[in-house]
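Here is what each chain is made of, one letter per residue.
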Amino acid sequence: MASSTRVTFPNKLLPYLLLAPQLAITAIFFYWPASQAIYQSVLREDPFGLSTQFVGLDNFRRVISDPNYVNSLQVTVIFSVATALIAMALALLLAVMADKVIRGKGIYRTLLIWPYAVAPAIAGMLWLFLFNPSMGTLAYLVRSAGYNWDPLLNGDQAMVLVVSAAAWKQISYNFLFFVAGLQSIPKSLIEAAAIDGAGETKRFWTIIFPLLAPTTFFLLVVNTVYAFFDTFGIIHAVTGGGPGKATETLVYKVYNDGFVNLILGDSAAQSVILMIIVIGLTAIQFRYVERKVHYG
Amino acid sequence: MANVELTNVRKVYGNSVEAVKGVNIAIEDGALCVLVGPSGCGKSTLLRMIAGLESITDGTVKIENAVVNNLGPAERDIAMVFQNYALYPHMKVYDNMAYGLRNRGMPKDQIDKRVREAAQTLELTHLLERRPKELSGGQRQRVAMGRAIVRNPKVFLFDEPLSNLDAKLRGQMRVEIKNLQRQLGVTSVYVTHDQLEAMTLADTLVVMNSGSVEQIGAPLDIYEKPASTFVASFIGAPPMNLVHVTADNTGLILKDGTHIGAEGLTVPTTGAVIGFRPEDLEVAAGHEKHIGGLQLDLKVLGVEPVGAESYVYGVVGGERVVVRVAGRSPSQTGDHLRVIIPKEKLHLFGADGKRIPPA
Chain A
1 MASSTRVTFP
11 NKLLPYLLLA
21 PQLAITAIFF
31 YWPASQAIYQ
41 SVLREDPFGL
51 STQFVGLDNF
61 RRVISDPNYV
71 NSLQVTVIFS
81 VATALIAMAL
91 ALLLAVMADK
101 VIRGKGIYRT
111 LLIWPYAVAP
121 AIAGMLWLFL
131 FNPSMGTLAY
141 LVRSAGYNWD
151 PLLNGDQAMV
161 LVVSAAAWKQ
171 ISYNFLFFVA
181 GLQSIPKSLI
191 EAAAIDGAGE
201 TKRFWTIIFP
211 LLAPTTFFLL
221 VVNTVYAFFD
231 TFGIIHAVTG
241 GGPGKATETL
251 VYKVYNDGFV
261 NLILGDSAAQ
271 SVILMIIVIG
281 LTAIQFRYVE
291 RKVHYG
Chain B
1 MANVELTNVR
11 KVYGNSVEAV
21 KGVNIAIEDG
31 ALCVLVGPSG
41 CGKSTLLRMI
51 AGLESITDGT
61 VKIENAVVNN
71 LGPAERDIAM
81 VFQNYALYPH
91 MKVYDNMAYG
101 LRNRGMPKDQ
111 IDKRVREAAQ
121 TLELTHLLER
131 RPKELSGGQR
141 QRVAMGRAIV
151 RNPKVFLFDE
161 PLSNLDAKLR
171 GQMRVEIKNL
181 QRQLGVTSVY
191 VTHDQLEAMT
201 LADTLVVMNS
211 GSVEQIGAPL
221 DIYEKPASTF
231 VASFIGAPPM
241 NLVHVTADNT
251 GLILKDGTHI
261 GAEGLTVPTT
271 GAVIGFRPED
281 LEVAAGHEKH
291 IGGLQLDLKV
301 LGVEPVGAES
311 YVYGVVGGER
321 VVVRVAGRSP
331 SQTGDHLRVI
341 IPKEKLHLFG
351 ADGKRIPPA
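Heads up: the sequence lines are chains A and B, in that order. Just so we're aligned: 75 in UniProt numbering is position 75 of the first sequence, and the numbers increase by one with no gaps anywhere. Just so we're aligned: 114 in UniProt numbering is position 114 of the second sequence, and the numbers increase by one with no gaps anywhere.
Just so you know, these hints were derived from the structure itself, not from any lab. The structure presented is a predicted model; accordingly, all values stated were derived computationally and were not measured. We put the CB at the ideal spot given by N, CA and C, even for glycine. Check before you lean on any hint, since a few could be wrong.
Once the Cα atoms are required to be at most 16 Å apart in a straight line, the calculated EDC-like pairs of lysine to aspartate or glutamate come out as [stated by the list, open to error]: (1) A:187 / B:54; (2) A:202 / B:95; (3) B:62 / B:75; (4) B:345 / B:282; (5) B:345 / B:256; (6) B:354 / B:224.
Label-pair restraints from in silico Cβ distances [what the hints assert, rightly or not]: (7) B:301 / A:103: 47 to 55 Å; (8) B:72 / A:289: 31 to 39 Å; (9) A:103 / B:30: 37 to 45 Å; (10) A:209 / B:71: 23 to 31 Å; (11) B:92 / A:15: 39 to 47 Å.
Here are some chain A residues pointing at chain B (derived, C-beta under 7 Å) [claimed, not checked]: (12) 189; (13) 191; (14) 194; (15) 210; (16) 214.
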């Protein structure tokens, strides 16, 4: 916007020096491992790790034609869409409700933000214990209500459990942003809409929701990335990818094939595909969804 | 079109702060009523109570002779222009104006007709496809007005609609609002803290101070006969000069102890405040005796020439006064002037600040 007010440093070296720490971190923790993954993805290693051999795109071909990989892709799509949607919808609902509270606003907000401070693995354990069919308190309630709850054998139920745990963990974060977004909408707009004859529901969908679009879009990007990558801990703790491969997401499969089964080439090829998927998704989001977003 | 009637309207907030203390106002059908007063006097709260955006603690608000206390803002058939315009930023100008009509389920072709008519009236036709952020302050103001008039409501409410505009545009829009209101003949309530806006727009002027009505009347009546020292000092620019006096049997005593001739003025024993407009002073050339006028010595503190007139700031009996002089003033800082206030131009207020009508 104000490109004319560019800061000019007297010393030519100083700006680079100031950027150096961030660049170093990005280089060491992103570019280096990423290039290693790409390098590994075109190699095949013998079972004892004694020799490697260049195989071109063979690893990719094998991975893509593997029915387990296609299954994992489906699992990831279901898991990510469900997690992002549930986490965002519930957070928005809670934020709208919390916005209406007059007394004790701060207490409600603090309590709703707390789950964010829980580590993924801990959150996973929490849900595991609560819903473990043999000892979980809530599982007992569900079973005593006559529902055959058994996520250890039933893949769909296992999916429900990991989605719940992953969404629960992310709701706090989304809530925080939605509350801030709601606060930035001028009260007079809501009042003007009320005078214009819009009821509460109508006001929400025609005024508040469109004005929250920048926040919603930002959270959509963040939640997608979260569901893809950050949920490893939860899945690992709750189901370990099972039963069968019902909750094995792409990231979990990368881990399983690479570090458990030690098929390094395949695992690296999967990482590269995963990277391309996320880059593609983010590009699509920015290109097509952001167009519909109005920044106040 | 409708009349608006407020009876003993009170607003008490949860923490027992009384923002509006029993206000009675009757606004005739088609009249423009201006509520004026300093910040925090309750004028906006009162307006929001008429709009239905604020609950009414006590008393009744009637629109077209029907009590609307328990009706929501939408059911009162009013339209409001907000200080920050409150345009919907994600909608085009057209949709901003059509929104209220769509919510009421009006057929599309009728909406289109109404919006285009309103746009024509306000010269907005070429802006209908724009979004609010692509408009200037004055254009946004017009859209806000347009959104109000398409609805063809019973009452217009204006909450300081011009305070975000620059001085020149404000003057222009003031005239436009006045003309539009006349043309449409819709009963209007207009809140402002700008006394010039209040004077020029109002059919009925309501001067408010800390939650109460100080005076209601036609603007010029209020200007000529302010009911209290508060009104006297609020209406008029520069405001009325107020000089505290006490009386003894020789005449009047000013705040710093100066004795002056009473010139037939009867001042209560509790003391009084003499008021006079800056333009009602005459600067005496020599020491001629003015019949029936109060004579005061004024020490000049400064002179402000503003072109067509000059303001001479000075001290009389220890209190600040200002004199408006046509053209340029020959006076200079430190001069002593003899000023005369014709008796018929004097205003007398009691120690309680209330006007004492001339005997």
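Exercise. Against the structure shown, which of the earlier numbered hints fail to hold, in ascending order?
Worked result: 5 and 16
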